[in-house]
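Peer 1: With the hints as your guide, set chain B onto chain A.
There are 2 protein chains.
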Amino acid sequence: MYSAEYLHDFTYGLFRKIGCPEQDAATLADVLLAAEKRGISSHGMIRIKDYYQMWEKGRINIQPSIRVLRETPGTAVVDGDGAFGMAAAKRSMQIAIDKALQVGTGWVTTQNSSHFGIAGYYSMMALEQDMIGIAMTNANPLVAPTYSKSRMLGTNPIAVAIPAGDHPPYVADFATTPIARGKLKIKGQQGERIAEGFVQDAEGHPSTDPDIIKQGGSILPLGGDHLHGSHKGYCLNSMVDIFSAVFSGANFGPFVPPQVPYLEAPDKQTGKGLGHFFGAMRIDAFQEKETFKQRMDQWIETFRQSESAEGQPPVLIPGDPERAMETQTAREGIELIDAVKKDLREVAGSLGLSFDME
Amino acid sequence: MYSAEYLHDFTYGLFRKIGCPEQDAATLADVLLAAEKRGISSHGMIRIKDYYQMWEKGRINIQPSIRVLRETPGTAVVDGDGAFGMAAAKRSMQIAIDKALQVGTGWVTTQNSSHFGIAGYYSMMALEQDMIGIAMTNANPLVAPTYSKSRMLGTNPIAVAIPAGDHPPYVADFATTPIARGKLKIKGQQGERIAEGFVQDAEGHPSTDPDIIKQGGSILPLGGDHLHGSHKGYCLNSMVDIFSAVFSGANFGPFVPPQVPYLEAPDKQTGKGLGHFFGAMRIDAFQEKETFKQRMDQWIETFRQSESAEGQPPVLIPGDPERAMETQTAREGIELIDAVKKDLREVAGSLGLSFDME
Numbered sequence: 166m167y168s169a170e171y172l173h174d175f176t177y178g179l180f181r182k183i184g185c186p187e188q189d190a191a192t193l194a195d196v197l198l199a200a201e202k203r204g205i206s207s208h209g210m211i212r213i214k215d216y217y218q219m220w221e222k223g224r225i226n227i228q229p230s231i232r233v234l235r236e237t238p239g240t241a242v243v244d245g246d247g248a249f250g251m252a253a254a255k256r257s258m259q260i261a262i263d264k265a266l267q268v269g270t271g272w273v274t275t276q277n278s279s280h281f282g283i284a285g286y287y288s289m290m291a292l293e294q295d296m297i298g299i300a301m302t303n304a305n306p307l308v309a310p311t312y313s314k315s316r317m318l319g320t321n322p323i324a325v326a327i328p329a330g331d332h333p334p335y336v337a338d339f340a341t342t343p344i345a346r347g348k349l350k351i352k353g354q355q356g357e358r359i360a361e362g363f364v365q366d367a368e369g370h371p372s373t374d375p376d377i378i379k380q381g382g383s384i385l386p387l388g389g390d391h392l393h394g395s396h397k398g399y400c401l402n403s404m405v406d407i408f409s410a411v412f413s414g415a416n417f418g419p420f421v422p423p424q425v426p427y428l429e430a431p432d433k434q435t436g437k438g439l440g441h442f443f444g445a446m447r448i449d450a451f452q453e454k455e456t457f458k459q460r461m462d463q464w465i466e467t468f469r470q471s472e473s474a475e476g477q478p479p480v481l482i483p484g485d486p487e488r489a490m491e492t493q494t495a496r497e498g499i500e501l502i503d504a505v506k507k508d509l510r511e512v513a514g515s516l517g518l519s520f521d522m523e
Numbered sequence: 166m167y168s169a170e171y172l173h174d175f176t177y178g179l180f181r182k183i184g185c186p187e188q189d190a191a192t193l194a195d196v197l198l199a200a201e202k203r204g205i206s207s208h209g210m211i212r213i214k215d216y217y218q219m220w221e222k223g224r225i226n227i228q229p230s231i232r233v234l235r236e237t238p239g240t241a242v243v244d245g246d247g248a249f250g251m252a253a254a255k256r257s258m259q260i261a262i263d264k265a266l267q268v269g270t271g272w273v274t275t276q277n278s279s280h281f282g283i284a285g286y287y288s289m290m291a292l293e294q295d296m297i298g299i300a301m302t303n304a305n306p307l308v309a310p311t312y313s314k315s316r317m318l319g320t321n322p323i324a325v326a327i328p329a330g331d332h333p334p335y336v337a338d339f340a341t342t343p344i345a346r347g348k349l350k351i352k353g354q355q356g357e358r359i360a361e362g363f364v365q366d367a368e369g370h371p372s373t374d375p376d377i378i379k380q381g382g383s384i385l386p387l388g389g390d391h392l393h394g395s396h397k398g399y400c401l402n403s404m405v406d407i408f409s410a411v412f413s414g415a416n417f418g419p420f421v422p423p424q425v426p427y428l429e430a431p432d433k434q435t436g437k438g439l440g441h442f443f444g445a446m447r448i449d450a451f452q453e454k455e456t457f458k459q460r461m462d463q464w465i466e467t468f469r470q471s472e473s474a475e476g477q478p479p480v481l482i483p484g485d486p487e488r489a490m491e492t493q494t495a496r497e498g499i500e501l502i503d504a505v506k507k508d509l510r511e512v513a514g515s516l517g518l519s520f521d522m523e
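Taken in order, these protein sequences are the chains called A and B. The numbering of the first sequence is this note's numbering, which starts it at 166 and goes up by one. The numbering of the second sequence is this note's numbering, which starts it at 166 and goes up by one.
Looking at chain A on its own, in the form it has when it is part of the complex:
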C-alpha cells in the first residue's frame, strides 16, 4: 500500500524531472492521484509509463503554449499545443469557469490535446465555484457504430458534476460504452470470458472474448445491440466525438491518434491531436444558490429512498461508489499491482529517481 501523498510527490517529481513546468507537473499528479483515490486505477499510476514514453518519442510537448484561438463571451476554442491532456484540459475548464462568471455559462472545446485522465476531475473543478461542470473527450477508436464492424469511435466519456448542499455532490463520470477498455484488459489477464453485449469480433459477430480487441474486434456502444438501443449509445458516443473534435479542430472518430507509444498515429489526419469539450454553468444562473442546493439535496434524498429490487443493493446516487473508494483509500492507502510497480521503478531508474517506498 502506498500513501496518496507519496505517489503524488513521486509523480510530481517525475514530471518535473523530464522538464514539465511546476504547475503542469502538479496538475498531472493531481489528476492521476484523483483517479487512484476514486478507485479508477485504469486512469491512475498505470498510465505513467505510457505518458513518459509518449514524451520520449516526442509526441508530447512539455513546454506548451496553450492559448485561445477563438472566443465569444460564452465560448472558447483552445489550442492545447500538443500538451499532456491534463494541462490542456485544466486550463480549458478554467476558461469555461471564468466565462460562466461573466455570462452565466462557459463552453470550451480543445484541439491538439492528448489523453486527459478522468473526465470527472475537470467537471468537479466547477463545484468549488458553485457551478455545474461538464467534461467530455474523444479517444482512440475501439468502438463500432450500430450495425458496423469498424472501429470508428473511442469509449468517449461524459462527466457531469452538480453541487448539492448538505449532501455530497452528484458526480456522474462514465464511458459511453457498456464496458471500459481497462476492465476488458483485466478480464483478459485473468483468462475469463465476459457476457455477451460488450464486444464483437472483427466480422461483427457477438463475442465473449475480452481479448478480441487485439484481434480486430470492437467494443459495442451502450445498449449492446440495436434491439436493446445501441443506436442511442452510438448517438451519445458520436455526439461526444463531434463536440470534442469537429467543434475544436481536433482529429475525429477513426483519426484520433493512439495515446500509447507503441502505436503510431494514422497517416491521415482530420485535425490536430485529440479533442475535449468542457462546460460550466453557474447555479445562480438558474436559482438562488441556497435554493438550488436545497433542491439538489431534496432530489438526492428522494432517490436514496428508491426501493431496491429483491436481492439488490441500495440505490446509488452518481458519485457514491467513487466517494466510498476515496474513504477507503484515505484509510488504507492505495494498492498498485506488481506490473505497475515494476514500470514505475523502470521509469524512475532511467531518470535517476527511485520508486521503492511501500
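Keep in mind the hints are simulated off the structure, nothing from the lab. Incorrect hints may have been included.
Said to hold, decoys possible - Computed footprint of chain A on chain B, listed as stretches where at least three residues anywhere in the stretch have a Cβ under 8 Å from a Cβ of chain A:
#1 182 to 195
#2 306 to 313
#3 408 to 415
Said to hold, decoys possible - Calculated cross-link-like contacts (lysine-lysine; reagent style PhoX-like; alpha-carbon spacing at most 25 Å):
#4 K350/B / K507/B
#5 K437/A / K454/B
#6 K454/A / K352/A
#7 K222/A / K507/A
#8 K222/B / K182/B
#9 K454/A / K433/B
#10 K437/B / K454/A
#11 K437/A / K458/B
Backbone N, C-alpha and C fix where the C-beta goes; we use that ideal spot for every residue, glycine too.
Peer 2: Below, chain B alone, put in the same frame as chain A:
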C-alpha cells in the same frame, strides 16, 4: 392516408376552437405534424385526445403568460405558466437562440410546462440559425434506477441537432431507455412478448411482458441491467431530470405530474408542472461557418463508410431514419390507426368540427 396539410389544418383549427392563440395553435400543429412526418406517431395525432381532455379538466392554461423569471446574458429560467408544452418549449428555445446570438451560447430551463411532443423539433429550430440545438425534458415516472423497483424517472429524451453543409444535419433524438413507452403499448396490443432487458415487474424481476407497466412494473434505463451498464443509462436519465426540473423549479423524478387526463397528479409537489432544458450554440463560436460545415460533412462521409457487420444494414447517421420517413410520408401521406381516427372524430364532434376526409 391523410395529407400532412389536412392534418395540420385540422389540428390548428381544433386548438383555435378551444381558444388557443393563433401562434400557439400553429405551434401545436407544427410539432404534432413534425412527429407524424418523421414517423414518430407515438408523439403525433394520437396525443390530441389527451391534450384536449387535459385542457377540459383545467390542467392546461391556453392563455398563458410565458415569461422569463431569471436571466444572465447566456441563460434564462422560463415560467411556462401551465401552457401546452409546445408553446412553452418553442418560446424557451427561441430565447436560447437569441442569447446565443449575443454571447455564443444560450441555455434555458423551463418550469410549469407539460408534455412538449418530440424533443427533436426544438433542437432543429437551431439549425436554421446555423446553431447546434439541444432539447431535453423530464416526463412522468415509469423508469427505475439501477438496482431499484421504484418508478422514479421518465423516459427523459435528449435531442441534439448539428448543422452540416452538403449533407443533411445530424439529428439525434432518443429516450434514455432501451425502449419507448409507445413501443411497449404496441407490443402489448399485438399480444407479443418482448426480449429481456427492457422492463421488470413490480418486484424488480426481469419480465418479457410489455403490459407489465400496468401492473406496477417499470422500464429499465439504457443498458438494461447493471452488468450491461444500466448505471450509465441511469446517470444520463437522471441528468435530464435535474437539468429540466431542479434547475428550473419544476417537479422532478417521481413528482412529475401525469400527462394524461385519467391519472391525477400526486399530492406532493416539488415544483411546478414538468420541466425542460434547451441549449443553442452558434457554430461560428467554434469555427468559421463554412469550415464547421465542411468538417461535419467530412465526419458524416467518414461514418457512412463504416463497414457493416455481416448481415447488417448500412451504418446510419443520426437523423437518417426520420428523414427517410419524411420522404415516405411526403410521397404517400400519413396513416392513422383506427383508434386515433375514432378519437379525432369524437373530439372534433364535441367541438362542432369534423374529421372525416381521407
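Peer 1: Taking the hints in turn, state whether each one holds.
Peer 2: Verification of the supplied hints:
no.	hint	verdict
1	182 to 195	violated (count 0)
2	306 to 313	holds (count 5)
3	408 to 415	holds (count 4)
4	K350/B / K507/B	holds (18 Å)
5	K437/A / K454/B	holds (19 Å)
6	K454/A / K352/A	violated (45 Å)
7	K222/A / K507/A	holds (21 Å)
8	K222/B / K182/B	holds (16 Å)
9	K454/A / K433/B	holds (23 Å)
10	K437/B / K454/A	holds (19 Å)
11	K437/A / K458/B	holds (18 Å)
Checked against the numbered hints given earlier, this structure breaks hints 1, 6; the rest are met.
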